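Each protein sequence line maps, in turn, to chains U, F and V.
Under our numbering, the residues of the first sequence are numbered 1 to 525, in order.
Under our numbering, the residues of the second sequence are numbered 526 to 819, in order.
Under our numbering, the residues of the third sequence are numbered 820 to 1127, in order.
No lab work stands behind these hints: they were computed from the structure.
Computed from a predicted structure; not experimentally measured.
All C-beta atoms, glycine included, are put in the ideal place defined by N, C-alpha and C.
You may find that some hints are simply not true.
Simulated restraints, written as ranges between beta carbons of each label pair [what the hints assert, rightly or not]: (1) V:A1036 / U:E380: 36 to 42 angstroms; (2) V:P877 / F:E783: 50 to 56 angstroms; (3) U:P454 / V:N986: 45 to 51 angstroms; (4) U:D418 / F:N587: 51 to 57 angstroms; (5) F:E545 / V:V946: 45 to 51 angstroms; (6) U:P366 / F:E545: 55 to 61 angstroms; (7) V:F844 / U:P193: 44 to 50 angstroms; (8) V:F844 / U:P298: 42 to 48 angstroms; (9) U:D189 / F:G580: 31 to 37 angstroms; (10) V:L883 / U:P366: 55 to 61 angstroms; (11) U:D92 / V:L1107: 53 to 59 angstroms; (12) F:W575 / V:A978: 27 to 33 angstroms; (13) V:L883 / U:T158: 45 to 51 angstroms; (14) U:D342 / V:F844: 39 to 45 angstroms.
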Amino acid sequence: MSKPRLAVGSLLLATGLAASPLQADTLRLAIMGEPASLDPHKISGTWENDVVGDLFEGLVTEAADGDRIPGVAESWEVSEDGTVYTFSLRDDAEWSDGTPVTADDFVFAFRRILDPATAASYAYLLYPVKNAEAVYAGEADSDTLGIEALDERTLRITLERSTPYFLDQLAHYTAYPVPKHVVEQYGDDWSRPEHMVSNGAFMLEDWQSQTRIEAVRNPHFHDAEDVALDEVVYFPIEERNTALNRFRAGEIDIAREFPTQQYDWLQDNLPEAVQVAPYLGIYYYAFNTRDGHATSDPRVREALSLAVRREVITGRILGTGEEPAYHFVPPDVAHYDGAELDFADLDQQARLERARQLMQEAGYGPDNPLELQLRYNTSEDHRKVAIAVAAMWKPLGVEVELYNSEVAVHYADIRQGDFDVARAGWIGDYNDAQNFLSLLEGGVANNYGAYANPAFDELMDRAAGTQDLDARAELMAEAERLALDDHAVLPIYDYVSRNLVSPTLTGWEPNIEDIHRSRWIGFDD
Amino acid sequence: MTTDTAVSTPDLAGDSLAREAWRRLRQNQAATLSLVLLALTTLACVIGPWLTPWGLDEVDWNAFLTAPSLADGHYAGTDANGRDLLTRVLHGGRVSLSVALVATLVSLLIGVLYGAVAGFLGGRVDNLMMRFVDIMYSLPFMFLVILLMVVFGRNILLIYAAIGAVEWLDMSRIVRGQVLALKRREFVEAAHALGVRGHKIVTRHLIPNAIGPVIVYVTLTVPKVILLESFLSFLGLGVQEPLTSWGVLISEGKDMMETAPWMLLVPSVFLALTLLCLNFLGDGLRDALDPKTR
Amino acid sequence: MPGYILKRLLQAIPTLWIVITLSFFLMHLAPGGPFDGERQLPPEIEANLLATYHLDEPVWKQYLIYMGNLLQGDLGPSFKYKDFSVTELVAQGFPVSLELGLWAIGLALLIGLPLGVIAALKRNSTVDYLVMGAALAGVAIPNFVIAPLLALVFGVFLAWLPVGGWNDGQWQNLVLPVVALSIQQIAYIARMMRASMIEVLGSHFIRTARAKGLTEAEVIWRHALRPAMLPVVSYLGPAVAGIITGSVVIEQIFGIPGIGRYFVQAALNRDYTLVMGTVVFYGALIVLLNLLVDLTYSALDPQIRHDD
Chain U
1 MSKPRLAVGS
11 LLLATGLAAS
21 PLQADTLRLA
31 IMGEPASLDP
41 HKISGTWEND
51 VVGDLFEGLV
61 TEAADGDRIP
71 GVAESWEVSE
81 DGTVYTFSLR
91 DDAEWSDGTP
101 VTADDFVFAF
111 RRILDPATAA
121 SYAYLLYPVK
131 NAEAVYAGEA
141 DSDTLGIEAL
151 DERTLRITLE
161 RSTPYFLDQL
171 AHYTAYPVPK
181 HVVEQYGDDW
191 SRPEHMVSNG
201 AFMLEDWQSQ
211 TRIEAVRNPH
221 FHDAEDVALD
231 EVVYFPIEER
241 NTALNRFRAG
251 EIDIAREFPT
261 QQYDWLQDNL
271 PEAVQVAPYL
281 GIYYYAFNTR
291 DGHATSDPRV
301 REALSLAVRR
311 EVITGRILGT
321 GEEPAYHFVP
331 PDVAHYDGAE
341 LDFADLDQQA
351 RLERARQLMQ
361 EAGYGPDNPL
371 ELQLRYNTSE
381 DHRKVAIAVA
391 AMWKPLGVEV
401 ELYNSEVAVH
411 YADIRQGDFD
421 VARAGWIGDY
431 NDAQNFLSLL
441 EGGVANNYGA
451 YANPAFDELM
461 DRAAGTQDLD
471 ARAELMAEAE
481 RLALDDHAVL
491 PIYDYVSRNL
501 VSPTLTGWEP
511 NIEDIHRSRW
521 IGFDD
Chain F
526 MTTDTAVSTP
536 DLAGDSLARE
546 AWRRLRQNQA
556 ATLSLVLLAL
566 TTLACVIGPW
576 LTPWGLDEVD
586 WNAFLTAPSL
596 ADGHYAGTDA
606 NGRDLLTRVL
616 HGGRVSLSVA
626 LVATLVSLLI
636 GVLYGAVAGF
646 LGGRVDNLMM
656 RFVDIMYSLP
666 FMFLVILLMV
676 VFGRNILLIY
686 AAIGAVEWLD
696 MSRIVRGQVL
706 ALKRREFVEA
716 AHALGVRGHK
726 IVTRHLIPNA
736 IGPVIVYVTL
746 TVPKVILLES
756 FLSFLGLGVQ
766 EPLTSWGVLI
776 SEGKDMMETA
786 PWMLLVPSVF
796 LALTLLCLNF
806 LGDGLRDALD
816 PKTR
Chain V
820 MPGYILKRLL
830 QAIPTLWIVI
840 TLSFFLMHLA
850 PGGPFDGERQ
860 LPPEIEANLL
870 ATYHLDEPVW
880 KQYLIYMGNL
890 LQGDLGPSFK
900 YKDFSVTELV
910 AQGFPVSLEL
920 GLWAIGLALL
930 IGLPLGVIAA
940 LKRNSTVDYL
950 VMGAALAGVA
960 IPNFVIAPLL
970 ALVFGVFLAW
980 LPVGGWNDGQ
990 WQNLVLPVVA
1000 LSIQQIAYIA
1010 RMMRASMIEV
1020 LGSHFIRTAR
1030 AKGLTEAEVI
1040 WRHALRPAML
1050 PVVSYLGPAV
1060 AGIITGSVVI
1070 EQIFGIPGIG
1080 RYFVQAALNR
1090 DYTLVMGTVV
1100 FYGALIVLLN
1110 LLVDLTYSAL
1120 DPQIRHDD
């Protein structure tokens, strides 16, 4: 470990870049894929967030434990009705080329990500902003967007309606500023290493595709003196076993994921490096409720859900600390106390009996077995869960055809409704129950099973118009209750985040969003 | 093994040729042993899954990822889903072996016909057909196979056909060479003179006589196909669950080599043994059928 | 000779055309598109994107557009990796794959040939059995098992070499991938060399050479080696294809940024242009290496002359 750090240290000394004359600390981080881009408007993966979140800083940002703290904004005021936010930007916010970060940069960024020509896949996260949806759809002009620069250091954002999670969301990369002067000069090439200018704790130094991304400490960052690391190197590694082996060989300091099947081994051999924490995500199976599918019958859906022994899946098949899920919204979501499937308290025997009875009522039995296609996208864990679920359905006389395809085909097909039961999962974009429950609203693209319940939609509408957090939470819990009683989906388990973190590091704090900015990380000297 | 005796003309009567080759093959101990082992492996894969106490996708809820043990009936341990590994390896053998056989037959069919026709017609047509083979040789075939798998999903029949379509080139060259050599010989000319139609000469005379090198080639193609199938499995383009193959099992096992080595070892032993035997058998057959060593 | 090379290169054009056309239509036949993923794009945006890349046109028209751009040397933008063009990605990956492939072939020859010769000279001795046994083991184990095994033993347990990564092709990072890639070819080459050496040693002209009173070493070095190598050289064509196929696996396991890794990812992501770009260059690589093999062959075998 000390070797590469010293080597880099002398290199930095030689070029006069090193802030600390004694040694340079380089963090080597394995991210789980090659970033599609480093332009915050063109990304959608968690591994891209790892890099881009170190390079940029929004109005609000994440502390080591994931809590939101002021970022570029020093302070802000919210209007009485919760629809107008006025931010004061800090004086010392600067781009890595020394130009100040202005309110105008934010206005420019918001307009750019919502410009249909940018085709940003994640722009919908900004829909709470007034007129954002219309601008994105090309129906309104970009200057009608609810964001304006009152002066160089004052920014006003107007929302469609009060949105309690809006401040949290401002820490997301969709709300990062982009350097107007650079983007205007280079166009889409601005995010290339030779041009990129950023405002976060680190700035891009080099990017060799599929090999490494290097970022060094940004001397213009407002909190630069508290950043312990001199350099961060990101290695894109898709093979989780390779990441594990490279971690074991000391070639990387943090691996952002490890293979589940190695968990026992890791606990025995590297217990101090294993970091498993609850994660804001739900792993579920979507039922196709369209006509012509057996799963359009709620009794069938309930029977299938009853027969899945979630404790066996989390305990024996996965066994990395996942929790069995009898809900759709993960339990640790902020300001929310959700509903549970009504059979959660029954023991397995009672569940199976009820399931058999329901199947019989629905007209299935030994002489008329239910045939189902269970689809999942290619992955070791999805495969194991699907096999286990198929085996658990067998006592009900269900004959399952397992079908796996790669991610693009899987989602393209299930959106078309070409499945009976399909593996799905959702990682929260922001810490709010609405982000999960909106997946079950009628006509939403990610509502794979086309679950439609007008009462559910109405409750969600009412919740959206409610400013009082408790009342809003109650409405959403009521909606979740409805969806669970309808067995709209088959929730299986709550995700956990799995990281390997070298014990020589400080500043790593587990959190539910699994966000760890390198500015808080340091070496324990 | 090569001796200096004059090259004798191969016997025209297929029967005695085969008998002679068989005798010579049996003298080769390694090849004989390989043949016996291959037969046993095939037999085990065909009937074995009915004899093991567990089904292909039967889950033993009390035994997830357990090591081989005689006590609980999992003689080769279980996988991460509590399924009996021995049963799955034997089942996987069915898939791997049948993929290999069918793909080889496909390549044989295309290759032999193509080569025989080219060799028999000769001249311009031959030139054109062989130029086409040259071009095909330069195709990044594995990539086309991957694309085919992506297009048509994990259809096992397609795996056969796709791999077969990759492997026919060598076969066609060999057969063409054989046919060219045989064509000049009296019995073909005699048949021509007697007015026997072209395609009959190909099917009745040329193909039976070119069979020796083709058999050797088959024993060398089968292991290649088995490896190809495992390569596709590694890329996640293998057969659909609950079906399995040696390639799928090995690529599952490779990630567990430290924690559950039996998952890698058991299918690997079957695969390696089969490939070794096929190689020995191929060598033995080459010696037995080679006219120069007669 | 230059005329021959030119002719071969011209012949490569129809080959590449077939490759490109086949791959193009296969890729567009595949279900799912480059913008399908876990999160759905709003329909207007998707339509917008499809229009930008001409994906809303009929496939034959897209084909004409693609071929037109290709003739101008434009491989198009990557759908997935938005900060790079396909040309840039291929330009980064191609030399890496080439380096890996050449080292692997070189190593396979360097080890396979002498092993084969030794086994042939000591036929039916313990040495022969050992060498051939090892060679067969190489044939019988898939390289995606050998590669992680090597990484585990030499990278993790012994810590002699890095487990993965490329690091600008430093020798430490090259060793394990090259070895893993060449093991199978070493095995094939050793077996082939042994067989052909045995055959050559039994032939007339070797007997004549021996009769002339040359020492055994002279016989082998001056007379037997060259003809014995011919079958091996003609095997190099298929060996090149094998190594290139293998590199897809090896690049993935060792995290090496070659174009094999791009190809598989691009095919799975439906990154049409990147798939096409890698296929074009793999096709070209195979053509070039095959030409190299043929030239070597004619250099070794005096009977073949490419004067036409």
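Hints, one by one, checked against the model:
1. V:A1036 / U:E380: 36 to 42 angstroms: Violated, since V:A1036 and U:E380 (Cβ atoms, about 55 angstroms apart) do not stay within the stated range.
2. V:P877 / F:E783: 50 to 56 angstroms: 53 angstroms, holds
3. U:P454 / V:N986: 45 to 51 angstroms: The hint (45 to 51 angstroms, Cβ to Cβ) is violated, given that U:P454 and V:N986 are roughly 59 angstroms apart.
4. U:D418 / F:N587: 51 to 57 angstroms: Between U:D418 and F:N587, where Cβ atoms are some 37 angstroms apart, the hint is violated.
5. F:E545 / V:V946: 45 to 51 angstroms: This hint is violated: roughly 33 angstroms between Cβ atoms.
6. U:P366 / F:E545: 55 to 61 angstroms: Given range 55 to 61 angstroms: holds, Cβ gap about 60 angstroms.
7. V:F844 / U:P193: 44 to 50 angstroms: The hinted range 44 to 50 angstroms is violated for V:F844 and U:P193, with Cβ atoms some 36 angstroms apart.
8. V:F844 / U:P298: 42 to 48 angstroms: 44 angstroms, holds
9. U:D189 / F:G580: 31 to 37 angstroms: Given range 31 to 37 angstroms: violated, Cβ gap about 58 angstroms.
10. V:L883 / U:P366: 55 to 61 angstroms: 58 angstroms, holds
11. U:D92 / V:L1107: 53 to 59 angstroms: Holds, since U:D92 and V:L1107 (Cβ atoms, about 56 angstroms apart) stay within the stated range.
12. F:W575 / V:A978: 27 to 33 angstroms: 48 angstroms, violated
13. V:L883 / U:T158: 45 to 51 angstroms: 48 angstroms, holds
14. U:D342 / V:F844: 39 to 45 angstroms: With a Cβ separation near 53 angstroms, U:D342 and V:F844 fall outside 39 to 45 angstroms, so the hint is violated.
Hint violations for this structure: numbers 1, 3, 4, 5, 7, 9, 12, 14, all remaining hints satisfied.
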